Amino acid sequence: MLSGEPAQWMWEGLVTTMQIATISLLCAMLLGIVICVFRMTPFKLLQWFSLAYTEFFRNTPLLVQIFFWYNASHFVLPEALNKWMNVLYYWFPGPFTLFGHEYAGQWMLFNVEFMTGVIALTVYTSAFIAEEIRAGIFSIPKTQIEASRAVGLSFTQAYRYVILPQALRIVIPPLISQSLNLIKNSSLCMVIGVTELMFMARQVESYHGAPFEAFSAALLIYLVISLFVSFGITMYNKHFLIQVRY
Amino acid sequence: MHWNVVIDNFDYFLWGRASVDWVFPFVHDVGGMASGIILAFFGIIGAFWIGLAAGLMRLSRRWWIKYPAVIYIEIIRGIPLLLLIFWFFFLAPVLLGRSLPAFSTTLACFIIFTGAYIGEIVRAGVLALPNGQMEAARGSGLSRYQAMRYVILPQALRNMIPSFVNQFVSLTKDTSLASVIGVNELTRTGVQVDNREMIASFEIWITIAALYFCICYVLTSISHRMEAHLSRYQARDR
Chain A
-14 MLSGEPAQWM WEGLVTTMQI ATISLLCAML LGIVICVFRM TPFKLLQWFS LAYTEFFRNT
46 PLLVQIFFWY NASHFVLPEA LNKWMNVLYY WFPGPFTLFG HEYAGQWMLF NVEFMTGVIA
106 LTVYTSAFIA EEIRAGIFSI PKTQIEASRA VGLSFTQAYR YVILPQALRI VIPPLISQSL
166 NLIKNSSLCM VIGVTELMFM ARQVESYHGA PFEAFSAALL IYLVISLFVS FGITMYNKHF
226 LIQVRY
Chain B
834 MHWNVVIDNF DYFLWGRASV DWVFPFVHDV GGMASGIILA FFGIIGAFWI GLAAGLMRLS
894 RRWWIKYPAV IYIEIIRGIP LLLLIFWFFF LAPVLLGRSL PAFSTTLACF IIFTGAYIGE
954 IVRAGVLALP NGQMEAARGS GLSRYQAMRY VILPQALRNM IPSFVNQFVS LTKDTSLASV
1014 IGVNELTRTG VQVDNREMIA SFEIWITIAA LYFCICYVLT SISHRMEAHL SRYQARDR
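These protein sequence lines are chains A and B, in that order. Just so we're aligned, residue -14 is where the first sequence starts under my numbering, counting upward by one. Just so we're aligned, residue 834 is where the second sequence starts under my numbering, counting upward by one.
Simulated from the structure, these hints should not be mistaken for lab results. Owing to the predicted nature of the structure, the values given are computational and were not obtained by experimental measurement. A hint or two may mislead.
As the list claims (entries may be wrong) - Listed below are several chain A residues computed to face chain B (Cβ distance under 7 Å; list not exhaustive):
(1) Phe52
(2) Leu208
(3) Ser211
As the list claims (entries may be wrong) - Every beta carbon over 12 Å from chain A, so not counted as near; a handful from chain B, in silico:
(4) Arg850
(5) Phe857
(6) Phe859
(7) Phe874
(8) Leu892
(9) Pro963
(10) Thr1008
(11) Leu1063
To be verified - Covered by chain A, per the in silico footprint, the following chain B stretches (three or more residues, Cβ under 8 Å):
(12) 943 to 949
(13) 1038 to 1044
Think of the CB as a built atom: it goes at the ideal place given N, C-alpha and C, for glycine as much as any other residue.
Hey, can you work out the whole structure from these sequences and the hints?
Take a look at the structure:
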């Protein structure tokens, strides 16, 4: 199990998991911030859009969303994006050696499944991220912005120097745990054939008839990732968390 | 658009091939949304007791009670539910000597998985009560068990109800994962109809998302209302 083909498969699966999680996390952060800003704007239409977006994507299962994007995305996505997604994009660094094993490259495989997974995870996670950020900003008492406006700061300055520095400290721990959720959720992408860790564990199980070893390895890998992340949150809380003043 | 595909199969989405007769469980072959709700309902009931035990064990001061709960909660919270389901599905035959039906496997997985999250909710709920409650209860002569049973838990559990509802919502969403190992619930009926008809993917998946949304949104709204209502009666430090 620790050598040869299974190990290589699991390694490739882990790499794909990290790729899909990283790309989705970055996109979801951007999209989440945009959705959250929509909610804060005085325009009713944007507020309604943001509300509908967060409520819809938070209250439907990710699996259904993945199936939706995979089977029915050509109804909603623009034509050009669909065409682009259906072409294979490789970024191929060539074979490399790690711990004495030859690995056959294939680091990034931007096929349509991967792209679909990225879209589904991005949209799903961005709804949660938007809510987290909004909750963080709303947890800063209103008197803070009133006071900073009274002191003579402009609206932007008040946000830049008073509200956001406090809100970010509240928002960052939930955002870290959202990114952990994202890594765990990326396992669902196996149902459409993204070759990530769960898919590879399943493949090792069916090719080599070793369910216990395959799923134990996957469990250990996920567990190590999550322990690292929760350690990070603990460290963050120890060093940076301040009490908001009322 | 082919909405007629959805309309023709709507009963299949709702309760699958369910049939009623006079043989014991009376309703047979329940599938679709009904089986998802059954899974979520029994899942949350089982998970409540496991979670209550795990949460209280984690609060214990004896290491041999505390650490099993810590390990259980941390492991389960660290892995995806899909992994747990596969783990169970492939290892239950090895451990039990016979294969379990997919429905029972997923139900067991949901109970174990949600139990860990509810354990954390219980722990947070008990810790959120002001220290004075426990001190006053112990001071008036109750034992630690009695104080927990009659003073702390009644208050803590009531404050936890919104979190339980939220957990129920996410469990309802998680029942879609049962389709991966072949339980015939809403998502799987969607896959089946989609694969059979092939022309109505958009309509089918929008319908299924809407069905999930109906359940989850109603429950989320209820939990928000309850949160606002219950926070008025919470014991506070000040």
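We went through each hint and held it up to the structure:
1. Phe52: Holds. Min distance 6 Å.
2. Leu208: holds (5 Å)
3. Ser211: holds (3 Å)
4. Arg850: At roughly 21 Å from the nearest Cβ of chain A, Arg850 (chain B) sits farther out than 12 Å, so the non-interface label holds.
5. Phe857: Per Cβ check, Phe857 (chain B) is outside 12 Å of chain A; nearest 32 Å; holds.
6. Phe859: holds (29 Å)
7. Phe874: holds (17 Å)
8. Leu892: Correct as stated: the minimum Cβ-Cβ distance to chain A is 19 Å, above 12 Å.
9. Pro963: Non-interface label stands for Pro963 (chain B): nearest chain A Cβ at 17 Å, farther than 12 Å.
10. Thr1008: For Thr1008 (chain B), whose nearest Cβ neighbour in chain A is about 8 Å away, the distance does not exceed 12 Å, so it is violated.
11. Leu1063: Non-interface label on Leu1063 (chain B) holds, nearest chain A Cβ at 18 Å vs cutoff 12 Å.
12. 943 to 949: Answer violated; 0 residues pass the 8 Å Cβ test.
13. 1038 to 1044: Three-residue rule met by the stretch 1038 to 1044 of chain B, so holds; n is 4.
Hint violations for this structure: numbers 10, 12, all remaining hints satisfied.
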